[in-house]
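Build the complex from these two chains, which are given one at a time in their own frames, with help from the hints.
Protein chains in written order, with the working numbering: chain A, 1 to 255; chain B, 1001 to 1257.
These aren't lab readings, by the way, just hints derived from the structure by calculation. Glycine is no exception: its CB is placed at the ideal position from the N, C-alpha and C atoms. Be careful, since some hints might not be right.
[To be verified] On the chain A side, residues computed to face chain B include the following (Cβ under 7 Å):
#	residue
1	8
2	11
3	21
4	89
5	91
6	97
7	98
8	99
9	166
[Said to hold, decoys possible] With a straight-line cut-off of 25 Å between C-alpha atoms, the simulated DMTMM-like cross-links for lysine to aspartate or glutamate are:
#	chain 1	residue 1	chain 2	residue 2
10	A	14	B	1113
11	A	14	B	1088
12	A	7	B	1096
13	A	14	A	88
14	B	1131	A	222
15	A	103	A	85
16	B	1131	A	85
17	A	14	B	1123
18	B	1072	B	1058
19	B	1056	A	197
20	A	90	B	1086
21	A	103	B	1086
22	A	103	B	1165
23	A	90	B	1172
24	A	89	B	1172
25	A	102	B	1086
26	A	7	B	1113
27	A	103	B	1096
28	A	103	B	1058
29	B	1072	B	1009
30	A	14	B	1107
31	B	1124	B	1172
32	B	1016	A	167
33	B	1092	A	167
34	A	103	B	1088
35	B	1126	A	85
36	A	251	B	1111
37	B	1092	A	53
38	B	1079	B	1123
39	A	90	B	1136
40	A	7	B	1075
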Amino acid sequence: MNAITWKRFLFTCKIEFILMVRNFFGFFFGLIFPLMMLVLFGSIFGNQPVSPDSDLRMMDLSIPGYAVMVMGVAGLMSFPLTLAECKEKKIYKRFDATPVGKKHIILAQVTVNLLMTVLGIAILLTAGKLLYQLRIQGSVLSVAAAALLSIAAMFAMGFLFTAVGKDAKLTHLLCYLFYFVMLFLSGATVPAMLFPDQIRKLSKLLPMTYAVDLMQGVFSGDSLTMHSKELLVLGGICLLFYGVGAFLYAKRDWT
Amino acid sequence: MSQIIVQAERLNLSYKNIRAVQDVSFSVKAGEVLAVIGANGSGKTSTIECVEGLRKPDSGTVRVFDKDPWTKRRDVYAKIGIQLQETEYPAKIRVEELCRLYAGFYERPADWEGLLSQMNLEEKRKRTVSKLSGGEKQRLSVLLALMGRPKLLILDELTTGLDPEVRQNMWETFRTIRENGVAILLVSHYLDEVEALADRMLYLEKGRQLFFGSQKEFRAWAEARIAPENRREGCSLEALYLQIVPKTTGITMEGIL
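Isolated chain B (complex conformation) (with noise of 0.2 Å):
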């Protein structure tokens, strides 16, 4: 039985009034792919902050290499690789220079020449990291992500600004390294890619936990929640999906068009 990585139990966290996540239970397995999925304001992020150690939960355990993460910052973090949802740098520092600091933080860093070159970035590497672009930056955060030999990659929103082609080689890095024994969090909007990576899913609506499977057991679940009349056979993960999000308020293009 593989090991697992990644514990937690009734998680639960506010901001001020607002209960950003209620009582969210998951575990991730070594070699495994978790993608949390859920619109805009669900809690995905505030979920997987509490399991990077970046914000305690009011109430509920996260248990990461069997370590609690706010605590057991420095053990946790020798073993876990992060690409953040939002993520600068500072303004005038080079590629190279980046690299170098974060290959600094880890005690066997991975080799970061070998990976600007597979990230297509070695060109880059004199250039200020303000200067690339989106996908450059993307691809970068990625790069140090995966600089401290992770056993546990946290990515959040991963192939954002990235072009299709980059996306597939993007997908079929993780793949390997999942292979090698990695366990992934992945955190997207996308669920083709998605449906590309995750072994498991676990769904989040309002900060509640509304799902937590394999994707054949989503299908199923989701699939019970449409009215039969709407339901298609075969349909991708995303229209399957379209069918049970919450729906936004439509954006009107009144006073523009």
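Excised from the complex, chain A in its bound form (with noise of 0.2 Å):
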């Protein structure tokens, strides 16, 4: 990229932030309301050991859940609502007979919900480490790579509901259904250990689970490779839902 594109990509990023916040959806579920559940679950379970010859402590546990629950609202919801609004009004067809064509606006749709998925976690990590004194015990890069390989996956989902959805109703209705499903039955609000039997099995079926296992895991202090069964499944799920999603990109006509 030349600066001039530079340029161009950075306006079109600040255009795409400004339209995000006014839509309020994704600015509020992905910065105010993880921070909402953080004070009002902090209030209620305070922050014990998480048993009493645990050393870990109910935030460690509760925040890492919380900034898997950011990453799904941009990957799931954000992310996929608007890709299905601007693909169904049409709106990517007026940007392609344009010189830079519609993939310039989709990545920036992706680049400015990857930046607040970054600052949604920086925010909730900071106000846990302020009011809860979290304690992130595994090393950045683990943190990082497992945040990466969670938040690709979440934004795959969403990408597949795009991709399956013929109108932006199913989209729609696909993204809510799955999200707010797994929202509440993976851990990530809610931590499992609190779920009864059948409740953990069902949760063990959803995709958000290992991504809340994994975060949960390296937070914790674990190595990557403690975890691989989340690191396969969520790779899995990358490749196959990004896979089957370009094929059905590819085999239809969306202009």
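Printed below as a string of structure tokens:
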């Protein structure tokens, strides 16, 4: 990219960011809602050890789950719903009729959603540190790698839902359904250790559960190799969902 | 001799089993207005979308500025401005932001603030695009088509939704643009607009090209298709067109009135 292309791309990102803030949904659920959860559950459960003989405290376990919640808002709600709307209203078609094309806009939308995810997680961690003395015992590299893979898996699911949905309505339905079911059953809001056995078995069927388990693991000091199952599931979701999504897009005329 | 800006040869395009465009050939020269006319579903927009590089023809060739618009998109789009038949913009974007965004897409953008006042949108610059009226949206769409100082303008349903006075002003604007050497490809259902602006015409019926030539030649061609007893001297282009275009099934008011 040369200087002009960069300038153009940054300005497009700025506009997309303004639109996201105006849209309120992504802004609220990505930045404010996880903080509300932090304070709410923090005031209910406090920051006691998860069990009498454990060094792990309640907030050390909950905050990685809230971080996955932020990833889910961007990857499963904000980005796919924007993409579905632009597709249905033929907004991309108009951008295709300019020298930059729709790829430029889609890239800006992905970038802004990624930035919002990073910002949301940063705010969450800062609040966790200030309010509940959050401890991150894993290495920065492990946490970053786990977060990147989890974000990629959330976006892969959202991308597939936009490809499957012939209209925005179906994409909305799939995104809302999967996001809210996974939000409450994956351990992102309420730690899975508090679930009854049946619910815990059910939660193992949900992709978000593996992101929550991975994030909780690396936050508490586990190495990535101790979570090969989670890495395999999330990596597989990325490959499969992006692959099938790309195949459907290539096959279908969506101009 | 004027430079040929668009050259389309034997274009064919199908959607599943429907042949939308069949063996259509035409050209557009610099400083010329070519009007594409025909009933709904005659293949006008599909033909234009092949020229725009938004659809790849099944067979045939399109050259715009001597380049294939499908493969040389970036080069071609730097020189053309497009107003699509149906256009939506991001719901919460403001007029001013949209103009700035589009201006950033071109290396030498037009003075969009000047265009805003020319299009009577100056007072609406802070307004959200979704809150503009149909006519205002249409004018904004034309403004955006002019943003890159195009050498070829493709206008699909230019004055739909505009009041008569604004339509006349718009025609005046496009006459001036044409005089500056810009080629215009105009798709329209309004034959008064075609009569006022077009140098040449392309008439399509069920995807087939039935006529391509000047307005004068079109009149002669159309009159030859009308039974002598139905011919009227000096009738408008619209009256002539209505006699040759396939009749649509009447809309009945049964059960309503």
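Open item on the list: So if I understand the rule, the pair passes when the alpha-carbon distance is 25 Å or less; does residue 1092(B) with residue 167(A) pass?
Closed with: Satisfied, since the Cα-Cα distance of roughly 20 Å is no more than 25 Å.
- [ ] Answer holds if the nearest beta-carbon of chain B is closer than 7 Å to that of residue 21(A); otherwise answer violated.
- [x] Violated: closest Cβ of chain B sits about 9 Å from residue 21(A), beyond 7 Å.
Task: Pairwise hint evaluation, residue 1123(B) against residue 1079(B), where the allowed Cα distance is 25 Å at most - done: At roughly 29 Å apart (the allowed maximum being 25 Å), residue 1123(B) and residue 1079(B) break the hint.
Open item on the list: Checking one constraint from the list: CA of residue 251(A) to CA of residue 1111(B), max 25 Å. Satisfied?
Closed with: Violated, because 40 Å separates the two Cα atoms, which is more than 25 Å.
TODO: With a cut-off of 7 Å on the beta carbons, see whether residue 89(A) makes it to chain B.
DONE: holds, 4 Å
Open item on the list: Hinted pair, alpha-carbon criterion (25 Å max): residue 102(A), residue 1086(B). Please report holds or violated.
Closed with: holds, 17 Å
Open item on the list: Need the status of pair residue 1016(B), residue 167(A): alpha-carbon distance at most 25 Å?
Closed with: With Cα atoms ~19 Å apart, residue 1016(B) and residue 167(A) stay inside 25 Å; holds.
Open item on the list: Just to be careful, I want the Cα atoms of residue 103(A) and residue 1096(B) compared with a cutoff of 25 Å; is the pair within it?
Closed with: holds, 23 Å
- [ ] With a cut-off of 25 Å on the C-alpha distance, tell me whether residue 103(A) and residue 1088(B) pass.
- [x] Measuring from Cα to Cα gives roughly 17 Å; hence the hint holds.
Task: Given hint residue 1136(B) paired with residue 90(A) - CA-CA distance at most 25 Å - done: Within the cut-off at roughly 19 Å; holds.
Open item on the list: Given the hinted pair residue 103(A) and residue 1086(B), is their Cα-Cα distance within 25 Å?
Closed with: holds, 20 Å
TODO: Have a go at the residue 11(A) hint: is there a Cβ in chain B nearer than 7 Å to its own Cβ?
DONE: holds, 5 Å
Hints 3, 9, 14, 19, 22, 23, 24, 36, 37 and 38 from the earlier list are contradicted by this structure; the remaining hints agree with it.
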